[in-house]
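K.L.:
Chain by chain, the residues run as shown.
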Amino acid sequence: MSGATTTTRPTDAVVVRRRGSRDGTLLATSAAYAVLVVLAVVYVYPFLITVATSFKPDAEAAADPLSLVPDTFTTAAYSYLFSVSDFPLWFRNSVIVTLVVTAGRVFFNSLAGYALARLPFRGRGVVFALLVAVMAVPNVVLLIPKFLVINTLGIYDTFAGLILPLLTDAAGIFIMKNYFESIPVSVEEAARIDGAGVFRTFWSVVLPMARPALITIVILSFQGSWNELSHFIVASRSADLYTLTKGVAQLSAGGLGQGSQFPLKLAAAAVMTIPVAVLFFVFQRRIMSTAEGAEKG
Amino acid sequence: MSAVDPGPRRGGLHRRAGLAGWIFITPMLVILGVFLVVPVVMALWVSVSDWNGQGNPFAGGASFVGSTNYAELLTGGGLPQRDFATSLRNNGYYVLFVVPIQTALSLFLAVMVNRRVLRGRGFFRTAFYFPSVTSSVAITVLFLFLFTASGAVNRVLAVVSIDGPNWVNDPRGVLHIVLGALGVDEAPAALQAAPFLGLSWWQWLAGPSVAMCVFIIMAVFTTSGTFMLLFLAALQNVTGEVMEAAEVDGASGWQRFWHVTLPMLRPTVFTVLTLGLIGTWQLFDQIYVTGNAGGPGKTTLTPAFLSYSTSFNNQQWGRGAAIAFLLFAIIIVLTAVQRWTLRERGVPRRRRFWRGVTP
Numbered sequence: 001m002s003g004a005t006t007t008t009r010p011t012d013a014v015v016v017r018r019r020g021s022r023d024g025t026l027l028a029t030s031a032a033y034a035v036l037v038v039l040a041v042v043y044v045y046p047f048l049i050t051v052a053t054s055f056k057p058d059a060e061a062a063a064d065p066l067s068l069v070p071d072t073f074t075t076a077a078y079s080y081l082f083s084v085s086d087f088p089l090w091f092r093n094s095v096i097v098t099l100v101v102t103a104g105r106v107f108f109n110s111l112a113g114y115a116l117a118r119l120p121f122r123g124r125g126v127v128f129a130l131l132v133a134v135m136a137v138p139n140v141v142l143l144i145p146k147f148l149v150i151n152t153l154g155i156y157d158t159f160a161g162l163i164l165p166l167l168t169d170a171a172g173i174f175i176m177k178n179y180f181e182s183i184p185v186s187v188e189e190a191a192r193i194d195g196a197g198v199f200r201t202f203w204s205v206v207l208p209m210a211r212p213a214l215i216t217i218v219i220l221s222f223q224g225s226w227n228e229l230s231h232f233i234v235a236s237r238s239a240d241l242y243t244l245t246k247g248v249a250q251l252s253a254g255g256l257g258q259g260s261q262f263p264l265k266l267a268a269a270a271v272m273t274i275p276v277a278v279l280f281f282v283f284q285r286r287i288m289s290t291a292e293g294a295e296k297g
Numbered sequence: 001m002s003a004v005d006p007g008p009r010r011g012g013l014h015r016r017a018g019l020a021g022w023i024f025i026t027p028m029l030v031i032l033g034v035f036l037v038v039p040v041v042m043a044l045w046v047s048v049s050d051w052n053g054q055g056n057p058f059a060g061g062a063s064f065v066g067s068t069n070y071a072e073l074l075t076g077g078g079l080p081q082r083d084f085a086t087s088l089r090n091n092g093y094y095v096l097f098v099v100p101i102q103t104a105l106s107l108f109l110a111v112m113v114n115r116r117v118l119r120g121r122g123f124f125r126t127a128f129y130f131p132s133v134t135s136s137v138a139i140t141v142l143f144l145f146l147f148t149a150s151g152a153v154n155r156v157l158a159v160v161s162i163d164g165p166n167w168v169n170d171p172r173g174v175l176h177i178v179l180g181a182l183g184v185d186e187a188p189a190a191l192q193a194a195p196f197l198g199l200s201w202w203q204w205l206a207g208p209s210v211a212m213c214v215f216i217i218m219a220v221f222t223t224s225g226t227f228m229l230l231f232l233a234a235l236q237n238v239t240g241e242v243m244e245a246a247e248v249d250g251a252s253g254w255q256r257f258w259h260v261t262l263p264m265l266r267p268t269v270f271t272v273l274t275l276g277l278i279g280t281w282q283l284f285d286q287i288y289v290t291g292n293a294g295g296p297g298k299t300t301l302t303p304a305f306l307s308y309s310t311s312f313n314n315q316q317w318g319r320g321a322a323i324a325f326l327l328f329a330i331i332i333v334l335t336a337v338q339r340w341t342l343r344e345r346g347v348p349r350r351r352r353f354w355r356g357v358t359p
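Protein chains in written order, with full-length UniProt numbering: chain A, 1 to 297; chain B, 1 to 359.
Quick caveat, the hints were computed from the structure, so don't treat them as lab data.
C-beta atoms are modelled at their ideal positions from N, C-alpha and C, and glycine is treated no differently.
Incorrect hints may have been included.
[To be verified] Chain A regions said to be covered by chain B (calculated; three or more residues, Cβ under 8 Å): (1) 29-41; (2) 47-53; (3) 126-139; (4) 225-232; (5) 237-250; (6) 263-276.
Using the sequences and the accompanying hints, generate a full structural model.
P.N.:
Here is the structure:
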C-alpha cells in the first residue's frame, strides 16, 4: 500500500492511524468498480442481444449472435408478430387479465389487510394463522387442484377462470396489513368521532394514506400477473384465451413448425418485456427504496 | 372519556367493527378458500383415487385406491418410479447448486453496491435487479438462444479457447464428465447397486447434466437481483457507528465483514436460504418453455413438470397429484431441516448457557 496517492488528502497528515484503511479503500474501490462493471455487462448484455437479434434476419442471428448492430436491419420479425401471428390477441388478453387482477388485488388486499390490522373481530387470530399456512403451500402443488376446482365451478377455459383465482394474494395482504399498522390510530378516531362509518373511515381516510403500500401492490400484482404462466396453462385451453406468456412459450416450444427462428422469438420476448420494463423504470426509485432509505451521503 | 361513554354504546361500536371485520375479509376468505384450501383437499382425494379425468372425481367419477399411487412412485420398480427418482435427482442437483450460489452472489452484489464511496450505485442496482422483473418465459427464450451450440456463450468461451458443449442438448452429467476425464467411463462395480428408488448409485451421482447447468445459470441470473434487494435492506441496519468502532479497533475489511456485517445479516441469510429452497424445488416454467418435456435424456425432468405432464398429458391424475404431495413433503421437510440446523448453530454458546440457567 503506497502512500503516494494519499499525500494530497489533508486528513491523512492528522489521522495517521486511518491512512492504511484509506489507501485500502481506494484500492478496493478500483477493484470493486472493475468487478461491478464486468458483472453489469454480464447482466445487461443479454437484454441488448435480445433487442439486437430481433432486428436481424435468421441467418445472421445464427452466424453472429454477439454483435449488437445488425448488418442487415429488418423488422420482419415484428411485422410477422403483429400482422400474421396471434400475438396481438395474446397481448390483449394479457392486458385484460393484468388490469383486472391488479385492480382486484389493490381492493381486496387492502380490505383484508385493514381488517387484520385494525378491526377487532372474533377469529382474527385464526384467520391470520390460516393465511400464514396458505403462504407456505408451494404454488406448484396447486396446479392440479386449481384445475379441479376451476373445472368443477364450470369456469374452465373462461376469463373468469384465468382471473378469479389471482384476485388476491397472501403476500399482498401482509404488505397492506403491515402498512396499516404503521398509521397512527388517532387519525381514524378523529374520523369516527365525526360520525364516519367503518368503511367510510377506511375508504376516505386510511386508504389514501396508504399510497406507498398501494403502489407496491400495483407493481407486484402487475408484474406477477403479467409474467404468470403455470396458472394460465392449467386454467384454459382454447387459443382465444392465450396470454403472452402462454403464446410465447408455445412459440418457443416449437409452435413455429420449421427452423429455430430466433429473431421472431426474441422479438416476442422483447415486446412482452416492455410493459414490465416501463413500470420498472417509472417506479424504480420506489422498488429500490428499501435500499435508498439510509442513504445520507 | 370512558366515564362519559355509556357501556352499551361502546359494545355496539365494537360489534360493528367486528361485523365490518368479517365483511372486509370475506372476499379474501372466499378467493383463497375456494382456490387454495379447497383445491388442496380435493387433490388429496384425487391422489388416493383412480380418477381418469372423466366426470367429476367426487360424484362417483373415481374410486378409492388407498396408497396405490404413492406406492407406484416409491416402491413400484417400474417406469413411474424411475421417472420420479430421475426428476428428484435432477431437481436435487439444481437446488444444490442454485441455492448456495444465488445466496452468495446476491450477498456479494449487495455488499458491493452498498459501498458509500461507489458512484453509479443506482445504475448497478438497476442492472442487477432488472432480470428479476422480466418474465421467466422471456428469459428462457433468451437463454435458449444464448446457449445454442454456436450461440453467444460458446463464442465467448471460444475466445479463451474453450470448446463449449451443445448445451441444452447435452444429457451428460457434469460429475460423469469429470470422472470420464479421469478415465472412469463406466459404473464401477461398487456403484452398480440400485439402493434407492430404483436408480443406481452411478445414476444418482451423475451430477447436473450440461443441459441442467443452463437452468442453474439462468436461476442465478434471475434471482440474484431480488435477493440482493433483501440484503441491501438488511445492510442499512448495520450502522456506521458499529463499523467505525470495529475500524478503530483495527479490524480489516474482511474481518469487519466476517465478524460484524455477516452476523447482523443472519436473519436475512436465513430468509434467502428458505425462499431459495422453496423456490428451486418448483422448477416448472423454464422446463415447459423449453418444450422438450424434460429432455435431453430426461435430465431436465423435474417433479413439478412430471406432476403436470403425468396429469394433463397422460391423464394419470392420481399419480400426478401424488407427485405434487411428495414434492410438498420434500419442501416442508428440507425447509424444516434447514431452519433447524441453522438455528442450532446460530445461537452463541454463551447465550445458550445463559438461556439454560434462566428460569
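K.L.:
If a hint holds in the structure, say so; if it doesn't, say that too.
P.N.:
Against the structure, the hints:
1. A stretch counts as covered by a chain when three or more of its residues have a beta carbon under 8 Å from one of that chain; for the region 29-41 of chain A and chain B the count is 7, and the coverage holds.
2. Residues of the region 47-53 of chain A with a Cβ under 8 Å from some Cβ of chain B number 4, which satisfies the need for three, so the listed coverage holds.
3. Counting residues of the region 126-139 of chain A whose beta-carbon sits less than 8 Å from any beta-carbon of chain B gives 8, enough to reach three: the coverage restraint holds.
4. Three residues within the 8 Å Cβ limit are the bar, and the region 225-232 of chain A against chain B gives 4, so the coverage statement holds.
5. Judged by the Cβ-Cβ criterion of 8 Å, the region 237-250 of chain A is covered by chain B as claimed, because 4 of its residues qualify and three suffice.
6. Check on the region 263-276 of chain A: 8 of its residues sit with their Cβ under 8 Å from a Cβ of chain B, so the three-residue criterion for coverage holds.
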